[in-house]
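Participant: This is what each chain is made of:
4 protein chains.
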Amino acid sequence: MGIDLSMYSVRTDLALEAKEMASGRYGDAIPGVHTEALEDDDMKVTKMHISTAEGGQAVGKLPGHYITIEVPRLREQDSDLQDRVATRFAQEFAPFLQRIGLGKEAKALIIGLGNNNVTPDALGPLVVENVMVTRHYFELMPDQVSPGYRPVSAVAPGVLGTTGIETSEIVQGIVEKSRPDFVIAIDALASRALERVNTTIQIADTGIHPGSGVGNKRKGLTQEFLGVPVIAIGVPTVVYASTIVNSTMDMMLGHFKNQTSKTDQIFGMLDSMEENERLQLVKEVLDPVGHNLLVTPKDIDQFIEDIANIIASGLNAALHDAIDQDNVAAYTH
Amino acid sequence: MGIDLSMYSVRTDLALEAKEMASGRYGDAIPGVHTEALEDDDMKVTKMHISTAEGGQAVGKLPGHYITIEVPRLREQDSDLQDRVATRFAQEFAPFLQRIGLGKEAKALIIGLGNNNVTPDALGPLVVENVMVTRHYFELMPDQVSPGYRPVSAVAPGVLGTTGIETSEIVQGIVEKSRPDFVIAIDALASRALERVNTTIQIADTGIHPGSGVGNKRKGLTQEFLGVPVIAIGVPTVVYASTIVNSTMDMMLGHFKNQTSKTDQIFGMLDSMEENERLQLVKEVLDPVGHNLLVTPKDIDQFIEDIANIIASGLNAALHDAIDQDNVAAYTH
Amino acid sequence: MGIDLSMYSVRTDLALEAKEMASGRYGDAIPGVHTEALEDDDMKVTKMHISTAEGGQAVGKLPGHYITIEVPRLREQDSDLQDRVATRFAQEFAPFLQRIGLGKEAKALIIGLGNNNVTPDALGPLVVENVMVTRHYFELMPDQVSPGYRPVSAVAPGVLGTTGIETSEIVQGIVEKSRPDFVIAIDALASRALERVNTTIQIADTGIHPGSGVGNKRKGLTQEFLGVPVIAIGVPTVVYASTIVNSTMDMMLGHFKNQTSKTDQIFGMLDSMEENERLQLVKEVLDPVGHNLLVTPKDIDQFIEDIANIIASGLNAALHDAIDQDNVAAYTH
Amino acid sequence: MGIDLSMYSVRTDLALEAKEMASGRYGDAIPGVHTEALEDDDMKVTKMHISTAEGGQAVGKLPGHYITIEVPRLREQDSDLQDRVATRFAQEFAPFLQRIGLGKEAKALIIGLGNNNVTPDALGPLVVENVMVTRHYFELMPDQVSPGYRPVSAVAPGVLGTTGIETSEIVQGIVEKSRPDFVIAIDALASRALERVNTTIQIADTGIHPGSGVGNKRKGLTQEFLGVPVIAIGVPTVVYASTIVNSTMDMMLGHFKNQTSKTDQIFGMLDSMEENERLQLVKEVLDPVGHNLLVTPKDIDQFIEDIANIIASGLNAALHDAIDQDNVAAYTH
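Residue numbers (full-length UniProt numbering), protein chains in the order written: chain G, 1 to 333; chain E, 1 to 333; chain C, 1 to 333; chain H, 1 to 333.
Okay, chain G solo, but in the shape it has when bound:
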C-alpha cells in the first residue's frame, strides 16, 4: 500500500508545446492544424484548431479547439496586468462557448481538480473557492434571480489519493444528479519549459484525459464519459527536473549556434541528437537516482493565488452577462 496515486491532476502537456515540437519535424504548416496568433506587449493569444485525426496525430493532441494565453510577466505580481489578463480571458472564453454551441443560458458545472494541500496542485480548488456560484438560487427561488445570470455550480472533488475514488466517477455522479449543460474543468499542468510555469493559461474543448502508465484503465473527464461537453482550463505549475535540463541544453545549443558553427566541438553528439533522444538520455541518468522530481518555483504560493483569482474573475465575467467584462476584478475577492 505504498504507491503514489495522488498526482492525477498534474500531467497534461500544453497543446502549444506539442505543436512547437511537431513543427520542428513538419515545418510550420501541419495539415489539419490551423493556428492564429495575436500579440501585444504583454500577452500572446494563440488559437489552434486541430480539425483532423491526422493533424491530431502530427501534433500529438486530440482534435479540437485550443486557446493559449501567454503572459511572460505574469509572475511579477503586477495587479494591473492581472486585471487585464482576467479581462482578456473573459473576452476569449465567452465566444469560445458560443463557437461550440453553448448559449448564454447553458448551465455550467465548474470542477476544480487537484489537491488543496499541495500548493502547485491547488489551482482548481482555489478557483472553485473564488468563483460565483448561482445554481441554488435558480433551484430554490427562480423568480428572484436577476436577469443576466446563468446557473453555475462548482465542486472540488479531491484527488484519488485522498478520496479513494476515481475523480472522474465522482464528477460523473455529480453530473447525473445536478444535470449541467456543460462542465468546465480546471487543472494544474506539467510543462516542458520552466518559463511557461505560472505564465500560461490554456483553454481546450477536448476534456481531460488521464495519462498512461498506472492510470491506464482510468476514465477521463470527457464528453464521451460525462455526456456533456467538457472544457478544460489548464495552467502549467510544475515541470520535471529532466525537462528543465533538456530545454536548457536546447537553449545552450541555440545560443552557441548564433556565435559559432562549431557547436559539435562544444557539445559533441549532444548537438546532433534529436530532442527526444536527448531527453531520454537525461531521464536515464536522473530517474534511477530519484532526481527527476517535479519542481515548482519558490514563490508558488503567491502565483497560484494570483492565477486562481484571474481565472475565477474571468469565468464570472464570461459566464454572466450581468458582470461587466471590462471590470472583472470587482466581482471576485
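Keep in mind the hints are simulated off the structure, nothing from the lab.
Any given hint could turn out to be false.
[What the hints assert, rightly or not] Computed cross-link-like contacts, PhoX-like style, restricted to lysine-lysine with a CA-CA straight-line distance of at most 25 Å: (1) G/K283 with H/K107; (2) E/K104 with G/K177; (3) C/K177 with H/K177; (4) H/K177 with H/K219; (5) C/K219 with H/K177; (6) C/K107 with E/K283; (7) G/K107 with E/K283; (8) G/K177 with G/K107; (9) C/K283 with C/K107; (10) E/K219 with G/K177; (11) E/K283 with C/K257; (12) C/K107 with H/K47; (13) G/K219 with G/K107; (14) H/K47 with H/K104; (15) C/K283 with E/K257; (16) H/K219 with C/K177; (17) C/K177 with C/K104; (18) E/K104 with E/K177; (19) E/K177 with G/K219; (20) H/K104 with C/K219; (21) G/K107 with E/K177; (22) E/K283 with G/K177; (23) H/K107 with C/K177; (24) E/K107 with G/K219; (25) H/K219 with C/K107.
[Claimed, not checked] Covered stretches of chain C, as calculated for chain H (at least 3 residues, CB under 8 Å): (26) 64-75; (27) 85-99; (28) 196-209.
Backbone N, C-alpha and C fix where the C-beta goes; we use that ideal spot for every residue, glycine too.
Go by the hints and put chains E, C and H onto chain G.
Facilitator: Chains E, C and H alone, transformed into the frame defined by chain G:
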C-alpha cells in the same frame, strides 16, 4: 440573491440534550427510550436507544441508536487525554457498526460535511483530510492489500452556498458510482449549552436530516435517500447567543434555589416560566437587533484540529482490524 | 507550567463603551470629556477627547484622543461598504496624526499584536501582512524613492505564550534599533456587547496597557515605555459569555419597560440591580463551572480578513500622500 | 520601488557541498579541515571541523564546527524514520552545545528566519510555532518551574521585504532586551543539488552571514554582531534551475565515463570544462531570459511541515533534560 444558505451543516441538536429537556417533562423513564451511562474521571459515555415512534416523539429525536461521549476537559489540550478519547471512540464505534449489521468487510464512504473556510464548520473536511483512505488499493491492486483492512473512501462535498448543489445530491451521486455498503457522515453541530461545545462527540445511526425553514424541501443524508445505512458523527462547535443567555438564566435559577426559597423575588416571573417560554422571550429581544448570532469559543482553531484528529484516529482504528485500537494515534498525523 | 498567558492581546475595553457606562452614572456631560459624533446611513464616527485626569477617572479610560468608527452592517460582506469604511478610516487617521504633531515624513512602525494561529486574535498579524512596507527602500536606496511616501516598517512580534518574551520588550528592542518616530499598534479587543464585535474600529493615542491580574507587572506599549508616541487601533473580535448574558438581560429589561411598568414583577430583583452587580451575579454562576468563555461569531475567519484589509488599506492611504484616499482598495490585495 | 529584497533567508550553501567541491581540487585531505562520518542504512552524519583560516579558505566556509545529517529517504513521509531523525538530531545537538561551552542552564533564544507565506521559506517560522517555549515561566513564576528545563524563547522576526527592517537588527534588539546566553537560528537554504533538498539538516556554530550582492552592507546573525554565540540550523529547501542543469550534466558525464572512454565525442568541450566554468555557461544562457528560477519540489508543503516537526522535537529534547531523547515526538504536536 442575498440570502444565506451556507449554514446547512450546523443545525442538529444533540440527542442527549433533547432527552434532558424531555426528562424534565416526563421524569426519567420515558417509554420507548432506553438509556445507560458509563462514567470515569474523564469521560462519560451514554448509550441511548429510542425503540418506538412514541419514544422518539417524547424526546424529539428519531428512533435509533445514539452514543454520546462527553469529555469536559477536552478543551484543555491534554494530548494524553486526546489519545484516550480516540481509543474510546474506536472501542465504541466498532461494536456500534456490528450491532447494526455492518461486518468487517463492509465498504465505508466517509462524508465530511461543512465548509473548510469557516473554522467551526470545518470539522468534517478536516476529518476527511486526516483519515486513512484505502478503497483505491482494493480497486487497482486488490491482490496486494494486506489483510485487516477494508475499503474506505472519503469525500468533503462542500456546502450548498459554495457549490450551488444540495450536498445530499452530491453524496447520492458519489454513492451510486462508488457503491459503498454504508456512509459515515461527520458534521459540526449547534449545541444548547456552551459547555458541550468541543467537548462532546455523538454517534447515531439515524442519518442527517436538514432543519426546517428555508431548507424544508431539502433532502437529508439518510438510508431512505441514499439506499445504504448512514451513521452520523457530530460534535457541537457553535451555540446561539440566545441559548447561552437562556441556559445561564437556568443555571442562575438553580444556583439561587440552593441558597434561598425566594427565587421568585429575585427573578420575578422568569422563575416560573417554562424553559422554552423563556428562550422565546430571549429570542424576541435578540433576533430583531441581529444579536442572536451563532458563536464559538475563541480558541476554536486548536479545538477543531484536536477533535478532527481524535475522530480520524478513532475511525482508522475502528474500521481496520490491522490498526491497533490501543494505540490509535500512531496512524494519524 | 500550566497557566495560560497567551491571551495578552485580547483585553482592552472600548472607550465608547466605557463612556456609555459612565454616562449612566453621570449624565451626558462628564467634565473633562468632550464628545462629538457624526452619523450617516452606514457609519457613525464618534470623537472623544478626555482632557483631564478627572474626566479619565469618570470614564475609566486614560486621558487622550479617541475615534470610534461604528459600522453595524460591516459583517454583511458588502465589499462596496468595506471600501467606504477603509476610505473613511484613512480620512480620519491622517488628520489624527497631524493633530498629535506627527508630520507627513514621520517614520511609522506598525506593530501587529496577537497570535496568527488563533483566528479572532490574528487581526494584528494580518494587517502587518497586508500593509505596504517602505522603510527598507529609504535605507537602501534613498534616492530612488518616489515622493509622497514615508518610511513605514511593520512587525508581528507574537504573543508571550508563543515567544516567552514580553511583547512590549520585543517592541522596545525593535524601536531602539529601527528608530521610528511613532508606533501604530493593532490589536484585537474584547467587547462588552456582541453587536460591537467585528463592526467597530477604535483609534486612540493613549497606547496599549496590559490588563491587571497575572500581568500586573507587565509593561505596556506606551510613549512612556517606548519613547515615541503610540497610536492604538483596536477592533473587538471576542466577547465574554457573561457579558452576552448581562447585556441581553439589559436589553430585555429595556424591551419590557417600553411595554409595561411592572418589570419588577417579571424580573424581580434583577430589575432594580445596578448593571455591575448583575454582571457579578452572572459571573458568580458561570466562572466556577468554566462557562465564562471568550466567544467569537461563527464567521470570524471572513470577518477578520475583511477588517484586516480595511485597516491595511486605510493605513496605506493615510500614511502615504501618493496613495489616493478616495481609492484605497487599489493598493492592498 | 521594485527590486526584490525578500530572499534574504534563502542563500547559504551547505558546508558539505563546499567541502565536496573543494576536495575535487585538493584531494581528500585539506589542511585545517577535519572530517568524520558515521553512516547507517538511513542516515549519514558528517562532522566537520574547520580549525584554521587556511582550511576555511580552501573549503570556502568560515572556521567552525559543522554537523550534517543526510537522510535520503526523508521525503518518503515515513513517520517512523522521522522520529528516528528527530532523536538523532537531539543526540547530536546536545553535545554540540556542550562542546562550544554552553551548559544545561544556558538560556536559548530560537530565531525562525524566513517568510511564513512562502512555503519553502517557512521552515524557521514553523519551527518557532512548534517548539516548546519556557522563558516566561522562569520570569513570572521561577519557583514553580520543574527541574530539567532551561529558559527557551522563540521569535519569527519576518523578512526584510515584509518588515522593512533588517532581520539582524530586529534580532539584535530582542537579544538586548531578553538577554539569552545563545541564539539558535533556523533557516531555509539553497542547495547545489536537488537530491539534498528536504533531505539534509546542517548544524553550525558560525552564525548566519548574508550573501554578497545587494545585501553586501547587511549585518549577519553572528556572535560578533549579537554578542552571544549563534548556532545555525539549516535545511536546503530550494535549488536554482541552473544548478539542477549543471549537476545533471555532471551526472551524465560520470554516467557515460563508466560506459565509454569517448565522452569527449559525446559531450564535446563540456567534458573537459571545469564544473564552475560549465555552471557559468549555463547561467549565461538562463539568466538573461529569466529562467534561472529558484525551484522547490512539488510536495514542499508536506516536506516543510515534516522537517519543522523533526527540528522542533529534536530541539525540545536537546534543550531540556526533562524531555526524553529517546521519545522526542511525544512532546511536539
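Participant: Determine which of the earlier numbered hints do not hold for this structure and return their numbers in increasing order.
Facilitator: 1, 2, 6, 7, 9, 12, 20, 22, 26, 27 and 28
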